[in-house]
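Kindly generate the complete structure, drawing on both the sequences and the hints.
There are 2 protein chains.
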Amino acid sequence: MSEKHTPLSSLGEFGLIDHLTNSFETKQQSTIKGIGDDAAVINHEGMCTVLSTDLLIEGVHFDLSFMPLKHLGYKAVIVNLSDIYAMNASPSQITISLAISNRFSVEALDELYAGIKHACDTYGVDLVGGDTTSSSTGLSISVTAVGAAKKKDLVYRNGAKEGDFICVSGELGGAYIGLQLLNREKEVFLENPKMQPKLDEHKYLVGRQLKPEARKDVIAYLRDFDIHPTAMIDVSDGLSSDLMHLCRQADVGCHVYEANVPINNETYNQALEFNMDPITTALSGGEDYELLFTVSPSDESKLNGQEIDITVIGKIVAKEEGLMLQTRANHLHELVAQGWNSFQK
Amino acid sequence: MSEKHTPLSSLGEFGLIDHLTNSFETKQQSTIKGIGDDAAVINHEGMCTVLSTDLLIEGVHFDLSFMPLKHLGYKAVIVNLSDIYAMNASPSQITISLAISNRFSVEALDELYAGIKHACDTYGVDLVGGDTTSSSTGLSISVTAVGAAKKKDLVYRNGAKEGDFICVSGELGGAYIGLQLLNREKEVFLENPKMQPKLDEHKYLVGRQLKPEARKDVIAYLRDFDIHPTAMIDVSDGLSSDLMHLCRQADVGCHVYEANVPINNETYNQALEFNMDPITTALSGGEDYELLFTVSPSDESKLNGQEIDITVIGKIVAKEEGLMLQTRANHLHELVAQGWNSFQK
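Heads up: the protein sequence lines correspond to chains A and B, in order.
In short: position in the first sequence from 1, add 1, done, that's our numbering.
In short: position in the second sequence from 1, add 1, done, that's our numbering.
Possibly wrong hints are sitting among the right ones.
Pairs involving identical chains hold if they fit within one copy or between any two copies, as the list cannot separate such chains.
Below, in silico cross-link-like pairs of lysine-lysine (DSS-like), each with a Cα-Cα straight-line distance of 30 Å or less [said to hold, decoys possible]: (1) Lys153 with Lys28; (2) Lys152 with Lys28; (3) Lys217 with Lys204; (4) Lys28 with Lys151; (5) Lys316 with Lys28; (6) Lys71 with Lys320; (7) Lys195 with Lys162; (8) Lys187 with Lys152; (9) Lys71 with Lys151; (10) Lys195 with Lys71; (11) Lys303 with Lys5; (12) Lys217 with Lys28; (13) Lys212 with Lys153; (14) Lys71 with Lys303; (15) Lys28 with Lys195; (16) Lys195 with Lys152; (17) Lys212 with Lys5.
To be clear, the hints were calculated from the coordinates, so they are not data collected in a lab.
Pasting the structure below:
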């Protein structure tokens, strides 16, 4: 970050928006009007518009003492794009609203927007609007993502059927363990500010927390191999919690096989070092932004032998069988949602 | 408000969303999927999707010591619908994201959502999603509104042409004077809590601040009388500031006639009582959510003799003539934007 600290008031509200957004180019043909009017205009010509929104609050969703602003900007966009992909749709536009206190300089916001721009460029989406206002306390970021899909391609949360296979992309629990590492280093630093953080050896885990990706590639893969999931959700609250949403909405149960739940070795070992059960970490961790979906038996074979990190972790069963985890020792335990409950913190 | 104070944690995040939104019914045919999935789905069949978003922060945009939560919910929606109407489009869906601290009870949020629902019902829009999270400090509300319009009907900010007439709906300055009244009563109350607020005699002014409306009727009128504005914006920052946007984007100047600027008698008299210049109040007040638009000379005659509160307040002139206010005494003064600058407060 540059050492300049230009006060926000030197630009004014509209000058600030111009300053922050003038490097964003329009990439989507559907973007008719972007920033600079009362509203953005998007032309979808018979496609369905898909809309998702998230509000991220300093001290609740992110900690600026270890979250670089550029990563924060990137992640704020990714979280929303992930929701659009989880509908089997393609994101095309986003809006960003910020509430910022005077302790932030223009240079700090430039960092934030550099991350936002990097996400827009990587995923090919247009920034088309937003709102910038002052805050008496911390930083708040509201992101809305718009996407499009043909009606027949959309995948909802409520379509899982008995006999369907439960699939998940990537590996689980890493983002949560990464957060524990960052919190540990923060406490060490607060006690002894001369200590340097020991994070280099944990690049994978810290990266899972600070720079997650949305699984655009999984959506492309499903399309290329003509796989139409019966239900889909992104893993933001934790596998158990998100799987419960799918089961509850479809009035079904599930069996998850512990042995199949994908956990990276680093996640596994670091969980043990923290005296945590690795499988609990993977089931309840959250913030992995992987895609959790169900496929009918006729689609399951299309998943075999392909070069993509999709794992079958269980099966949808009758509601009466409950939501169960089948352990390596073949015991059945009830799945517990320990997903992030924002009002009990 | 009821006397119950159910803690938010008793419902959990998803329980809370269900609780707050289960009384909202789908009214729009274009709403394919509302709350309860990763994203909402909207079918616009060849229409353009119009998207607007706002972030409202406690202590910056609203003061809960005199803003009842029901009014706040209503106003938060209105502010966004107004942006959609200002595109000459029809709003159809909204999303609401909240960040709330534990000092709010479920009953308090019920009040907020009663206001949101009232706005949805009055304007015929569907609530289709959002996000609810905790906040360590105040209340933040992010609203995103989606609308639709035929491409040819859309009105942007940049279309004003030399010779066009400048029109505004309703009356200006009332919301600002209403805010001054509320602030005055708050200070009286803080000094002497036994004093009852004297607001009954100021229903109009207080109502302009606490319960603004979006000018759906103006958009309907323009359509019925086949008037296509060349440019349009809603008056949120203040007439001068918003008119400057129109002029800057179209590279033109303007003459506004002081004598024509619509000011309600109550606004006028109360401004004088506050030792404020009524015309300055009307030019710089903001938050009126009236529509400011320009029409070509061929459309101007269609505005005459109609039963709607639209006033011609000036003309678009060449850029070189500047942005001027022509006083009652026929002097020309430069228009000054004293619009709300959130970073200088």
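These are the hints, each one checked on the structure:
When the C-alpha separation of lysine 153 and lysine 28 is checked against a cutoff of 30 Å, the pair qualifies both within a copy, at 25 Å, and between copies, at 22 Å. In this homomeric assembly, lysine 152 and lysine 28 come within 30 Å of each other (Cα to Cα) both inside a single copy, at 23 Å, and across copies, at 19 Å. Proximity of lysine 217 and lysine 204 under a CA criterion of 30 Å is satisfied intra-copy only: 22 Å inside one chain copy versus 54 Å between copies. Taking the shortest alpha-carbon separations for lysine 28 and lysine 151, both the intra-copy value of 20 Å and the inter-copy value of 22 Å come in at or below 30 Å.
Taking the closest pair of Cα atoms, lysine 316 and lysine 28 never come within 30 Å of each other, the shortest separation being 40 Å inside a single copy and 37 Å across copies. For a Cα distance limit of 30 Å, the shortest separation of lysine 71 from lysine 320 qualifies neither inside one copy, at 44 Å, nor across copies, at 40 Å. Proximity of lysine 195 to lysine 162 under the C-alpha cut-off of 30 Å is found in neither arrangement, the shortest distances being 56 Å within a copy and 63 Å between copies. Neither within a single protomer nor between protomers do lysine 187 and lysine 152 lie at most 30 Å apart by alpha-carbon distance, with minima of 47 Å and 52 Å respectively.
For a Cα distance limit of 30 Å, the shortest separation of lysine 71 from lysine 151 qualifies neither inside one copy, at 34 Å, nor across copies, at 38 Å. In this assembly of identical chains, the alpha carbons of lysine 195 and lysine 71 lie at most 30 Å apart only when taken from the same copy (25 Å versus 51 Å across copies). Proximity of lysine 303 to lysine 5 under the C-alpha cut-off of 30 Å is found in neither arrangement, the shortest distances being 54 Å within a copy and 55 Å between copies. For the homomeric pair lysine 217 and lysine 28, the shortest alpha-carbon distance inside one copy (17 Å) is at most 30 Å, but the shortest distance between copies (33 Å) is not.
When the C-alpha separation of lysine 212 and lysine 153 is checked against a cutoff of 30 Å, the pair qualifies neither within a copy, at 32 Å, nor between copies, at 42 Å. For a Cα distance limit of 30 Å, the shortest separation of lysine 71 from lysine 303 qualifies neither inside one copy, at 38 Å, nor across copies, at 52 Å. Proximity of lysine 28 to lysine 195 under the C-alpha cut-off of 30 Å is found in neither arrangement, the shortest distances being 46 Å within a copy and 60 Å between copies. Proximity of lysine 195 to lysine 152 under the C-alpha cut-off of 30 Å is found in neither arrangement, the shortest distances being 57 Å within a copy and 60 Å between copies.
In this homomeric assembly, lysine 212 and lysine 5 come within 30 Å of each other (Cα to Cα) only inside a single copy, at 26 Å, whereas the closest approach across copies is 43 Å.
In summary, the structure is inconsistent with hints 5, 6, 7, 8, 9, 11, 13, 14, 15, 16 from the numbered list given earlier, while agreeing with the others.
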